[in-house]
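These protein sequence lines are chains A and B, in that order.
So in my numbering, the last one in the first sequence is 588, and the numbering has no gaps at all.
So in my numbering, the last one in the second sequence is 588, and the numbering has no gaps at all.
Some hints could be false.
Claimed, not checked - Simulated pairs of lysine-lysine, DSS-like, Cα-Cα distance not exceeding 27 angstroms:
#: 1; chain 1: A; residue 1: Lys76; chain 2: B; residue 2: Lys107
#: 2; chain 1: B; residue 1: Lys83; chain 2: B; residue 2: Lys55
#: 3; chain 1: B; residue 1: Lys161; chain 2: B; residue 2: Lys76
#: 4; chain 1: B; residue 1: Lys168; chain 2: A; residue 2: Lys76
#: 5; chain 1: A; residue 1: Lys107; chain 2: A; residue 2: Lys56
#: 6; chain 1: A; residue 1: Lys168; chain 2: B; residue 2: Lys76
#: 7; chain 1: A; residue 1: Lys161; chain 2: B; residue 2: Lys161
#: 8; chain 1: A; residue 1: Lys479; chain 2: A; residue 2: Lys490
#: 9; chain 1: A; residue 1: Lys283; chain 2: B; residue 2: Lys85
#: 10; chain 1: B; residue 1: Lys283; chain 2: B; residue 2: Lys359
#: 11; chain 1: B; residue 1: Lys283; chain 2: A; residue 2: Lys283
#: 12; chain 1: B; residue 1: Lys76; chain 2: B; residue 2: Lys105
#: 13; chain 1: A; residue 1: Lys85; chain 2: A; residue 2: Lys283
#: 14; chain 1: B; residue 1: Lys424; chain 2: B; residue 2: Lys411
#: 15; chain 1: B; residue 1: Lys105; chain 2: B; residue 2: Lys55
#: 16; chain 1: A; residue 1: Lys76; chain 2: A; residue 2: Lys31
#: 17; chain 1: B; residue 1: Lys56; chain 2: B; residue 2: Lys107
#: 18; chain 1: A; residue 1: Lys383; chain 2: A; residue 2: Lys411
#: 19; chain 1: B; residue 1: Lys105; chain 2: B; residue 2: Lys168
#: 20; chain 1: A; residue 1: Lys313; chain 2: A; residue 2: Lys283
#: 21; chain 1: B; residue 1: Lys283; chain 2: A; residue 2: Lys168
#: 22; chain 1: B; residue 1: Lys283; chain 2: B; residue 2: Lys161
#: 23; chain 1: B; residue 1: Lys105; chain 2: B; residue 2: Lys31
#: 24; chain 1: B; residue 1: Lys359; chain 2: B; residue 2: Lys312
#: 25; chain 1: B; residue 1: Lys283; chain 2: B; residue 2: Lys85
#: 26; chain 1: B; residue 1: Lys31; chain 2: A; residue 2: Lys161
#: 27; chain 1: A; residue 1: Lys283; chain 2: B; residue 2: Lys105
Don't read these hints as lab results, they were simulated from the structure.
2 protein chains.
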Amino acid sequence: MIKQSILKKPILKKSGNQKEKTDYNNQSFVKYIELPEPLLGNNTADVERLKSVLKKDIGTDTLFFPTNLATDFPLKLRSWCHKVKVVLFRDSRGWRVVDILAPDKDKPVLGIAADLGTTRIVLRLINLENLAVCGELGFDNPQASIAPDVLARIHHARTSKGISELQKLVIDAFNRNINLLCTNFSNNSINLEAQTVPPKPIQTVPSQPIQTVALQPVQTVSPKPVDAISSQSVHLLTVAGNSAMTHLFLGIDPSFLIREPYIPAVNAPEPLGAAELGITINKRGMIYLFPNIGSYFGGDLISGILFAQLHKKDAPCIMVDVGTNAEVVVGYRDWLIACAGAAGPALEGGISDMGMTAKPGVIDRVKIDPVTGVVEIHTIEEKPAIGICGSGMIDLAAQLFLSGMLDIRGKFVPEQCGHRYFEKEGVGCFCLVYGSGQNIESSSGLSSDSDIVLTQVEMNSLTSSKAAMYSILQVIIEKTAGLQFNDLEKFYVAGTFGSFINPESAISIGMLPDIPLEKFEVLGNSSLEGAAKLLMEPDSFEEIELIRQGITYIELNVNQEFMNIFSGAKFYPHTDKSRFPSVRIHEQ
Amino acid sequence: MIKQSILKKPILKKSGNQKEKTDYNNQSFVKYIELPEPLLGNNTADVERLKSVLKKDIGTDTLFFPTNLATDFPLKLRSWCHKVKVVLFRDSRGWRVVDILAPDKDKPVLGIAADLGTTRIVLRLINLENLAVCGELGFDNPQASIAPDVLARIHHARTSKGISELQKLVIDAFNRNINLLCTNFSNNSINLEAQTVPPKPIQTVPSQPIQTVALQPVQTVSPKPVDAISSQSVHLLTVAGNSAMTHLFLGIDPSFLIREPYIPAVNAPEPLGAAELGITINKRGMIYLFPNIGSYFGGDLISGILFAQLHKKDAPCIMVDVGTNAEVVVGYRDWLIACAGAAGPALEGGISDMGMTAKPGVIDRVKIDPVTGVVEIHTIEEKPAIGICGSGMIDLAAQLFLSGMLDIRGKFVPEQCGHRYFEKEGVGCFCLVYGSGQNIESSSGLSSDSDIVLTQVEMNSLTSSKAAMYSILQVIIEKTAGLQFNDLEKFYVAGTFGSFINPESAISIGMLPDIPLEKFEVLGNSSLEGAAKLLMEPDSFEEIELIRQGITYIELNVNQEFMNIFSGAKFYPHTDKSRFPSVRIHEQ
Chain A
1 MIKQSILKKP ILKKSGNQKE KTDYNNQSFV KYIELPEPLL GNNTADVERL
51 KSVLKKDIGT DTLFFPTNLA TDFPLKLRSW CHKVKVVLFR DSRGWRVVDI
101 LAPDKDKPVL GIAADLGTTR IVLRLINLEN LAVCGELGFD NPQASIAPDV
151 LARIHHARTS KGISELQKLV IDAFNRNINL LCTNFSNNSI NLEAQTVPPK
201 PIQTVPSQPI QTVALQPVQT VSPKPVDAIS SQSVHLLTVA GNSAMTHLFL
251 GIDPSFLIRE PYIPAVNAPE PLGAAELGIT INKRGMIYLF PNIGSYFGGD
301 LISGILFAQL HKKDAPCIMV DVGTNAEVVV GYRDWLIACA GAAGPALEGG
351 ISDMGMTAKP GVIDRVKIDP VTGVVEIHTI EEKPAIGICG SGMIDLAAQL
401 FLSGMLDIRG KFVPEQCGHR YFEKEGVGCF CLVYGSGQNI ESSSGLSSDS
451 DIVLTQVEMN SLTSSKAAMY SILQVIIEKT AGLQFNDLEK FYVAGTFGSF
501 INPESAISIG MLPDIPLEKF EVLGNSSLEG AAKLLMEPDS FEEIELIRQG
551 ITYIELNVNQ EFMNIFSGAK FYPHTDKSRF PSVRIHEQ
Chain B
1 MIKQSILKKP ILKKSGNQKE KTDYNNQSFV KYIELPEPLL GNNTADVERL
51 KSVLKKDIGT DTLFFPTNLA TDFPLKLRSW CHKVKVVLFR DSRGWRVVDI
101 LAPDKDKPVL GIAADLGTTR IVLRLINLEN LAVCGELGFD NPQASIAPDV
151 LARIHHARTS KGISELQKLV IDAFNRNINL LCTNFSNNSI NLEAQTVPPK
201 PIQTVPSQPI QTVALQPVQT VSPKPVDAIS SQSVHLLTVA GNSAMTHLFL
251 GIDPSFLIRE PYIPAVNAPE PLGAAELGIT INKRGMIYLF PNIGSYFGGD
301 LISGILFAQL HKKDAPCIMV DVGTNAEVVV GYRDWLIACA GAAGPALEGG
351 ISDMGMTAKP GVIDRVKIDP VTGVVEIHTI EEKPAIGICG SGMIDLAAQL
401 FLSGMLDIRG KFVPEQCGHR YFEKEGVGCF CLVYGSGQNI ESSSGLSSDS
451 DIVLTQVEMN SLTSSKAAMY SILQVIIEKT AGLQFNDLEK FYVAGTFGSF
501 INPESAISIG MLPDIPLEKF EVLGNSSLEG AAKLLMEPDS FEEIELIRQG
551 ITYIELNVNQ EFMNIFSGAK FYPHTDKSRF PSVRIHEQ
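Please model the complete structure; the sequences and the hints are all you need to start from.
Quick look at the structure:
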């Protein structure tokens, strides 16, 4: 088995973008307001008196106050002695009042940030007043029961009632899990001692049964137990997802996302009422969907850019989200260029479609001794091996290539592979783990019931994927931005899948560019982090609009240059070896 | 009987503010838009492509597009070959898209303007594309079944379910009459030849059973019959009413309107969805309520100012709405000062609370020969006399005073009144019309079944009312604006009641100031006209906001100066006779 020190070291530095609580902008979506009492000399109406104070507090000229909030406002205002707690939100035209509440400091006003993934959805509950994280919860996107991937879901959406069926699945799942999140928080709030916690990102394990992690209590002002908290205390929901998931969440026809010329129905949907979508948070609650740039560059990426603050960097940086698609954005405070590719022939299947989904027993790390040829593996939670995931595949390909078992075209070299190589129906195969009783190198706990075998076909798929990834990067950095890879100050890796990739391995096979390892930073679930940032920092609205309007989007599916570059990138590490000076193949 | 020439001449000139159709601003709330087709090189989303063209067309930076309009937009847009008809509206933050329709020129997009009176409601149906008036309809405010006046309704609103009960009554009545208006228009459109009619105000007879008047067909582009038109073709509804009626229409607690310091819940309610209020026009339709300035200066007045264009005059003008309250605004392009009085002791009962509501048989004109003492009357529709209305009362008081039958304190002079004077339970009475068989002067058709008698108590009430009216005018013109009455270029009389007043009589009793008669202009139902103007000229939105924010509002109920002036104004025509040089009492 590989030494723990190698396998457990943090591969990539944690991003330093997470602010401490004290850094947060004084602005918040919840305000305590004390109104001047009306006088004969100042007979301004109740609503306008409130608006006047709020406008000054926020620093805005315009403020939308929904008329239906006025119905019982006069009596409430007086019974609350002209003090109110106001929940605010934003849309494309500025601020709006979402709700007016009693000036009760003990009852929290909550918001939920959501990463709406094609496969996995993660919710984070946030106290909008003290910005404490109150809980987090991940669950599988239930639309997968109808269609596993984006393309299939869009095809299903074209059937009669297809859109409403898909929308209902995801909305119902949101409602169930929002309730669960609130119930868990409520139970914990009552049981736990009050304490303040600064918001921090919480790593979730993908594709596991619904579970809450790292539940943290809200700061309570008084020592008395907090009242039971329900989803009615949730007033805001921010959702970051790719363009297709965003369309389906809103019940919007996604058909034209995947037909040339790849046109979304809407780029920047206005926030809408929870009731309009059937989301059972507070009936006056508002829901915000992050905007997209194009069919293949969605709100999850915009959210990620917001979190990474790419648009404020002093020197060019790149952010790559390796998910179902490869989505890339490069730039800094002066410009941002984005591209994404999915439906094109080179990216058929997607980059993350290598190996199986990460779960206990899945091989995530591989090491091959170039001298002895001994293969060492590591599995998630060190359970008996059941298969290999994407990051494990990249590790394996790198180790095979560096030890001479894979040639520069990505083909197995039978004489180097030795007893692990065999052919089945004419296709070359590599046995990574032998089944019980015959597993030569396996240690206890890493045995497998049956052989785990990689075929040349799977290896070719990996080769295409890694070539596509590198080609995307080359097109955007060299051909579009006119930079060299070494000009990049930082290489941010976003998305859950990306978090597990060993950049050294990815460089070895020519998937990622050969730049110093310290430039790589993993962002974790940057989509969720951005959605949470918006709830905690209202100024993010302007930033999102700046990002959205400032990005130049390149459609890779129709880029001929991309196809030319792609051919060279299918070699290990590349036809142009000068691009990978650090990659040294072991000489036999 | 009085000569026809005297009674039928138009007392007041019609206002010249009614524009011809060709004068209307090119802007409209309905736009035909042809979108550029999406291309690989321009992959802007459908919604943003539409917004971009619309923004340019309107000349705005911001445009709200409700997310739920996007759901089926992509397919519709393509089936309509990238041509659409867009219904727009405004709110405090600018323009918004209300609906997107097929680019069908034959199906009209309609709007309804409403004058929401305490007693009477009038609706006008307008084609939002060619600005033709398609019909008009008046009906009694059904809230009168619960409580006749504003004060009583507000008291009822304080009872459990009182607000929703009052709201439901008026909303249901709107729905019934909107349907009727559309059905009538539909029937007429199919039967009548197509023709274009410029919009013009239509005088409605107050307080008659529901009836449509002066139905005019919409201009049709093709010769084929217009399809049946339902309330689903109505997309916009503008409503001008006083502050209390506006609150109740919106279901907003009006309690504090009548309690010191007289605070409305809201001054400028944002437009809201028809569905929110249960108004059964198009489900995406929007409803706009004119803003108020204070509890006693409502949207009906703002609408009137908009119609009279008082805020654009070159010299100071005054507009007086003599309705349930006396509402006055004076000013021109440089400033506007408004005041209103109702709940104060001087105005108890209101100025229009003199005599009965105008209807057939009601005496609206009176003439007394100062030499012979012969009384001549005119009744509405020349039906047998059944009572006397406010304008008749003013005429009567003027004639009594000018012929010496009323002294300067407004008391009957028995020796001048002759056989018409008698006392009943110690109260002086004047018999205006004798019942059948004893009516000395009556002509055929003007007989009455029983005596029509005016008591000193009623005359005192008139005296208080006329004194209040003059005092309000004096406070606002002389004490507040620092002008003399003769500085006024125009004296606009708004409101249905005001339309019937003979200004010469009103001057004679000291109710209106003694200025040249040609300065008086009647505006008709200026509240309805302003509401209609908004539907036809979107720029009116800015004007309304300018008016609202530009008005200085004086609360008369608490003005001590008013109470001092009021005492002098209770004399006929005034303690200061120099104020009424034209009033000459007949010397016996």
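- Item | Broken hints, by number | Going through the list in order, the structure violates hints 1, 3, 7, 9, 10, 18, 19, 20, 24, 26 and 27 and respects the others.
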